[in-house]
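Modelling step: build the complete structure from the supplied sequences, incorporating the hints.
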Amino acid sequence: MAQSVVPINPVILSRKTGISAAFLVLALILLALIAVLSRAEAGTGLGAGDWAAIRFTATQALCSALLSVLFAVPVARALARRRFAGRAALVTLLGAPFILPVIVAVLGLLTVFGRSGWLNVGLEFLGLPTVSIYGFHGVVLAHVFFNMPLATRLLLQGWQTIPSERFRLAAQLRLTPSSMFRAVEWPMLVQVIPGALALVFVICLTSFAVALTLGGGPRATTIELAIYQAFRFDFDLGRAALLSVVQLVLAGSMALIALRFVPSISVGGGLDRVMPRWDARGGMQRLGDGFVITVAALFLLVPLAAVVLRGLMGLPSMPPTVYHAAGISVIVAVASIFVLLALALPMAGWIVGRRAGGVEAVGLLGLSASPLMIGTGWFIVINPYADPFDFALPVTVLVNAMMALPFALRILVPPMRDTVQRYGRLSAMLGLRGWALWQVLLLPRLRAQIGFSAGLTGALSMGDLGVIALFADPERVTLPLQMVRLMGAYRMDAAAGAALLLLGLSLGIFWICDKGGRWRAEA
Amino acid sequence: MLKLENAQITQGNFRLSADLTLEPARNYAVIGPSGSGKSTLLGALCGFIPLSKGRMLWKGTDITTAAPGARPMTMLFQDNNLFPHLSVLQNVALGLRPDGRISATEKTVVMDALARVDLSDHIQAKPGALSGGQQSRVAMARVLVQARPLVLLDEPFAALGPALRNEMLDLVRVMAAQTGAALVMVTHSPEDVRRIADEVIFVEGGRAHAPRPAAALMDDPPPELRAYLGQE
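First to last, the sequence lines map onto chains A and B. The opening residue of the first sequence carries number 26 in this note's numbering; numbering runs sequentially from there. The opening residue of the second sequence carries number 75 in this note's numbering; numbering runs sequentially from there.
Incorrect hints may appear among the rest.
[What the hints assert, rightly or not] Counterexamples of contact, computed for chain A against chain B with all Cβ distances above 10 Å:
#	residue
1	L92
2	L275
3	G308
[Stated by the list, open to error] Taking beta-carbon pairs under 10 Å as the criterion, some of the chain A residues facing chain B (in silico):
#	residue
4	R447
5	R450
6	R458
7	V465
8	R472
Read the hints as simulated data drawn from the structure, not as lab findings. For each residue, glycine too, the CB sits at the ideal point set by N, CA and C.
Written as structure tokens, this is what we have:
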């Protein structure tokens, strides 16, 4: 008998703490915004340079999103229909750039594509003109390096949602590759591509570290970088404030639009499954897919290999300050994880208890609000009462946790909703409430997702170069900032060593949290 | 005794009215066509579905709006009766204390209950490692330690084979008799009714009829019940 599902939410989860957490996030951002606005003088307006920054930000984000998704389509298609040794490893590797410290990847890209990089050495050897990585195309190149793998994973998820019956039907009808594409694959792509485009676009809008290292100058400055320069070099709070508002409105509205498209992020997600396929068996198609997969793998692996190679050589020349900075980075990352969990878990519980998921928008604020704006705002708030530099690390911890918040909510909310639906009535009947409910049901059931969110936060925080760049002083330097300083002083060997250390720490903290979440977990 | 006074449950266009009394230590079978609202009735008794009208009384006290955990009853669902990440022992212990932290004396109560359902050798096992019948027995051990005056069963043994199902029904009946609890069981099978029920609550046409003696009702069913049972 088909029992009707009882449409009632039997447990009330963390409503008050959830609201408090959301309120805290909102307050943190709004207070910073108000503080910054209070310094913005009316009538200053945006200068020509600021408009150029806005144009550059939008253009590079659009190009990065289009190119990332454009390249991702053939790569995802090839991965979806081929089995080969190392396929699972490659799919896992596609997740790596997301948790890779930006500055580490930039160093890898510089080693390969830089002025005296491997590519240019090769081109010179062949007597061809060399290429420059700096400026617009350098920024786009780095963004594609980070986001093409992300887009590929999203599209691969899409391919996996195509029911296997469709492929069987297509095989029976002996569809040609092009009609196969039109009948089966294109309808899926139409649904998935907007989400991938929107996500990459929003991520690239608030780019800072890439622009700081590969961009710069009047022709390649993002809004975020312009805020940094206005604050750090000109100490023009009015301009910084105005730019922050532009950034918040631009990225915030885009993020709100993107929320409608962006798919939920699944842990592990079964992307290593290969569906049996009967199409695309021709030699040219095999060759084409092989070529696409090889190029994509090289594009990902060569810069990473460059970091490891140079890093190993550079390790001995690292100054002791690097280790000091590494220690601070670890503390900041661990603290960020705790703050993130304290914010995300009650908020997720609150969202699950509601019918409509509009609250998730609060989480998105963390993504769209400029970290530098928040930093600037709190600098202004704290300044009259205390030395803002003393608060550099706590503010960094908070901002890092908030940046990870939208991702953590996307990871936590769907499985939590599922758990409540399945075991909510049993829990209510047993009188499980409040902390006991978390302890007995939710925390154990969501271990894998909590571990994954914690790992993501730790890695993002470890590699973050944002607020700390504003408050930098010799005492409070994180590892990414120390790396930038070494690069700025042209001590590239030491910087490469630091990059390797940072890479190891980021991947390490992710691995520990993620594995910890799955360790001896029950299905 | 539990009393539903002019109670009405509304879910969208669906309405179910009930005006009935359940006596302690009696076994009630709830029967009726698919979609007639049998599960809805149990859900309302347990507090998962609010009453839109009327009230519910337990020994004269109004419990219309009491939380599910604060009512004098417990329920076995069709599935998800156990937390898969907790051991057998922990699952049963939750019946005594919602945080699962039981004292030494409470542990002997839990162990006794597990011995009664013949699972003393599996106390550290996780539900996933047990058979369907064993899982049902763990849930019953928990019902036993909860010792509530009313035990509601929403077809919890539907997935078991006929022999195992009868075994479980007998066990439930024996245990209910020992604790003096009343049983309220949703079922589709006339055999179950004859096997276990003293009285029958027939749910049909938006109404949960007041309990009637099972034997008499099954021997001489009214026309609607006859149609449901497929007897011409």
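Requested in this report: Enumerate the violated hints, using their earlier numbering and listing them in ascending order.
Outcome: none
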